[in-house]
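Number of protein chains: 2
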Amino acid sequence: MSLDEIRPSLPLSDVSSRSSSSCGTAVPDSAAPDAASALSPPSRPPLPHAPRQPAETVVTTGPLPGSRRTWLLGADTDGELRVPMREVVLSTGDSVVLYDTSGPYTDPTVNIDVRRGLAPLRAPWIDARGDTETSVGGGVGVGGRAEGENGAGVRTDGDNGAPLETVNGQVGAIGGRQVRRGARALDRGALTQLGYARRGEITREMEFVGVREGLPAETVRAEIAAGRAVLPANVNHPESEPMAIGRAFLVKINANLGNSAVTSSIAEEVEKMVWATRWGADTVMDLSTGADIHRTREWILRNSPVPVGTVPIYEALEQVGGRPEELTWAAYRDAVIRQCEQGVDYMTVHAGVLARYVPLTARRRTGIVSRGGAILAAWCRAHQQENFLYTHFEELCEILAAYDVTFSLGDGLRPGSVSDANDEAQLAELATLGELTQVAWRHDVQVMVEGPGHVPLHLVEENVRLQRELCHDAPFYTLGPLTTDIAPGYDHITSAIGAAVIGWHGTAMLCYVTPKEHLGLPDRDDVKAGVIAYKIAAHAADLAKGHPGARAWDDALSDARFAFRWADQFHLALDPETARAFHDETLPAPAAKSAHFCSMCGPHFCSMRLSQQVRSDSGEPAPTGPGLVQAAPRS
Amino acid sequence: MSLDEIRPSLPLSDVSSRSSSSCGTAVPDSAAPDAASALSPPSRPPLPHAPRQPAETVVTTGPLPGSRRTWLLGADTDGELRVPMREVVLSTGDSVVLYDTSGPYTDPTVNIDVRRGLAPLRAPWIDARGDTETSVGGGVGVGGRAEGENGAGVRTDGDNGAPLETVNGQVGAIGGRQVRRGARALDRGALTQLGYARRGEITREMEFVGVREGLPAETVRAEIAAGRAVLPANVNHPESEPMAIGRAFLVKINANLGNSAVTSSIAEEVEKMVWATRWGADTVMDLSTGADIHRTREWILRNSPVPVGTVPIYEALEQVGGRPEELTWAAYRDAVIRQCEQGVDYMTVHAGVLARYVPLTARRRTGIVSRGGAILAAWCRAHQQENFLYTHFEELCEILAAYDVTFSLGDGLRPGSVSDANDEAQLAELATLGELTQVAWRHDVQVMVEGPGHVPLHLVEENVRLQRELCHDAPFYTLGPLTTDIAPGYDHITSAIGAAVIGWHGTAMLCYVTPKEHLGLPDRDDVKAGVIAYKIAAHAADLAKGHPGARAWDDALSDARFAFRWADQFHLALDPETARAFHDETLPAPAAKSAHFCSMCGPHFCSMRLSQQVRSDSGEPAPTGPGLVQAAPRS
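One line per chain: the protein sequences are A and B, in this order. Last residue of the first sequence: 635 in the UniProt record's numbering, with the numbers rising by one and none dropped. Last residue of the second sequence: 635 in the UniProt record's numbering, with the numbers rising by one and none dropped.
Calculated from the structure, these hints are not laboratory results. Treat each hint with caution, since some may be false.
All copies of an identical chain are treated as equivalent in the list; a pair is satisfied when it fits inside any one copy or across any two copies.
[Stated by the list, open to error] Derived pair list, reagent style EDC-like, types lysine to aspartate or glutamate, alpha-carbon separation capped at 20 Å:
1. K545 - D423
2. K545 - E462
3. K545 - D523
4. K545 - D473
5. K545 - E461
Using the sequences and the hints, build the whole thing.
In structure tokens form, the structure reads like this:
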């Protein structure tokens, strides 16, 4: 299959043109670090205590209370590689440096304009590799390439200044923008991170991840080369800050966004993305199913500092009027290509829902609960044919390889209740996903594998063991799992329990569940509740796995707690605003911030105060603050 | 030691007299079941959908939406033993019968008056055993017995009609009430449930628990006799509905209540108790430390349908002006006796904090974080003597035996951070608690053992294993454990993760943690958040342990979900009000309650709708509702 063959064959009605969106300045000179050491924090303005929300944007910006954006420098890049981190500055003068997913939004020196999108951090790296051809056009014709293409290896970063359009002051249609496409340069081998890793080359993205995770870049390369990790980084999403998903790294979390036909607007979804990454989402998935799928995704992609995942069959289904039986490989392929060219970093593909597995779900308590799985089961039934994603899987690999889009092999037959956990349908599909993993790897396409769902605690570890065996150690990406079905309204908790345990046993990324699961579309508050619950689960898993440096964060907070450094406790908290608000609910006076008790026990019954007295009576040293603690130590 | 010797030696300034409080009528004739079968629900009024809150009470009453209080009958008691359960009546006409901790407050036929307290359900059973002597007096002298005692075996249930006093319309001093005391009848052997169990006798309380748990009463007796379970039931708390804590039973949860010197009132604490049991608390602990300790506890006890636990050293410390070094065994003993006579069902006793263990905490990150542990460590340091609770432990056993108060051997040296988990101090104390367990058992006193605290996931199972080994299989009662320290404001979640896992591995009761942990005193909303998180953890543990019948609840909810019976989903939820509110936030119209989708996915993308179509296309039977599902099946 040639690249021409993978151009869309359907009109792209709402994508007339597209321009580069590199207008923001993520790293102005004034914010450059003033020391060669990655551990020396750059001089920065005073810490504000509330996020600012400029009138011209619709998203939340500004640092978290007590934190500032700082940079670690790549050791081998003469200071050129600068990896953003969250630095919590303590009252002792020490700092705690934490992994940061929030992107430039928490940097007060960056001018955020969602109509223009983020700066293309990775564009120079992609250009330097010289293995992409780039297409720029004012419009996309039917079944053909866009006009005005540039040659291979040329990346058009010149910005024509045309912002993403707004309609009536709201985020709306994308118009007047040039289309730019990246594709594989045929003579250089696979442009995927897997391709480079297998060829022994460490990309800038891998170096970035190494610094970010506190691991040698060579470890990053080796994990990717072995298929044990992925680094989702579509060449058309240069705005993203590289991250890796794999057992050797910190456990990651994903936040699902996206409107449905019933509710929500594009503007709300962009803010949800910024909001989710502010609280710690490592990736987001745009699961929109209503109108404006393409435009919603464009706004999210151009503004997202984290990899974006999608489920392309949703768009394909919209294209055929919502009727599963009318789906075709061509319609699906075109949706995939549109999304590849837009910059989607990973795609859920339900290629393991084989026709012969569908009857295995008939006696289940809750049938098929994956939307993609149900759509494909309906298609297989209607046509009495094998799932077209399975039969066309090699073609799909060729497409994804051309943009370095990562497969997220979907678990279309995951259980929808604890009653259906680890059943024949689920495990049959898992075996097929293992087979497809090897097919994708032959094409140098990165792969992760999705997992359940609803699983009682005693069956959680078995899920990881089987996935590792059947899927050859490809990274596992699980939804929850929910450990009980009795608590709608609290499924962020029912599933955080399962998520922590499955993460401990080796799951690489946890897809969050919000309190609205099973009940409705999450709003901004639900997104935050889900992200926080999953950051807790992921960190609990990191501690249990013994990730080097993970405990430094806990230790710094415990030290602050024992020393009654209340402000430091708040600032080190996963959610500083809530921690402070809860404390201040009963003891709002400034003096209480240095009190050696809180309202929970009162002054006479504070165990920590008594314990400190015991310690000082016995001549033991007083507790000290940490030195510079780096939760993700530098390589 | 004679009984005279265990009378208080300090003035009880705020307990001048006390009367029986048996004025409520929990089971009026009109509410009696009309069929001999335990599974036939009695005829009941229509289900209300909002809790009523009569003007004359300060507590929440009325059933949960879609639920009603029903009764299971004891098989061997000619229908005399009636065990209250929560019956969820589905739209299919079927019912799901669930364990219910809410007491008479959810029964609309019971006239609730917190000034008079609940009916003494167990009084006739205690009387019938004839092994208590009862003291009734108008006041308590210093160091002597109260006036007006009755003879052994006589229980004064006559109510003089004097309500608990209110001050300015608020819950206030207890006055004008007679003191009534239960004590061991010396010629009948231990009156404790452990004593009866060891003698091979099945008490009414054990029968009640058997029906409630769906297990044979003989199993209940055998578990108690072996020390593997406790049935906390002070003879002076006849208002409580019997329940058991042990590995063979459903995992239980405790909610901590109680004011501190800084905030909260008695009225608030009584409502928190009712509120906590409404959402599922199996026991409550009154941890009040401010003024009015005794009065607060009296109000809670007289109104509590669940066992009440305390930490007597808090009251003892208040008696000596808040100075740990001035504590004496006599002051402590008197506080214990006052609480025994008031009806406290279990007491946390930090007898394992030995003087030689205190130095082991000196190098810890967070020292001693148990209030009791810190107080006793301070006392040991000040006096350079062994912990008086350890040296007087046998006397304590004699006192607790006389009222059937259960030991909750406190973990005064539990870790306060993941950094300190499973350290030498913690494990040294645990070994001592094992030694004390056997001492208590020699006195026929029931025992459970408290545990951590803060523990990373990979060390959780080891805690249970060590506790079982060192403490001879006595029930384990753990606080959380919190699995990370980085999320103040969300410690109900950090700890629900640990609680689910430790419950799965055999912990019998989980002490809840609220979102306010480490930050302030929980309010009513925090209590609910903590209880719900812990009900989730306990149920997830029950599922993982394979408790017979536990999954019936999940299955009934999953069936309702798959059949789009929205109202049934809400009614079966742990929190029906929140589930409905979340759904109605985006789809409030009544028609949406029968829609085959929700706002999360919209109509075209509802996997369950598609899955049902696949199923009907293939001629598979439609999903059916459950029959009468009993989550705790009858023996």
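Going through the hints against the structure:
1. K545 - D423: Between copies only: 19 Å across chains, 28 Å inside a chain, cut-off 20 Å.
2. K545 - E462: both (17 Å within a copy, 15 Å between copies)
3. K545 - D523: So K545 and D523 fail the 20 Å test inside a copy (32 Å) and across (35 Å) alike.
4. K545 - D473: within (17 Å within a copy, 29 Å between copies)
5. K545 - E461: The answer is both: 14 Å in one copy and 15 Å across copies each meet 20 Å.
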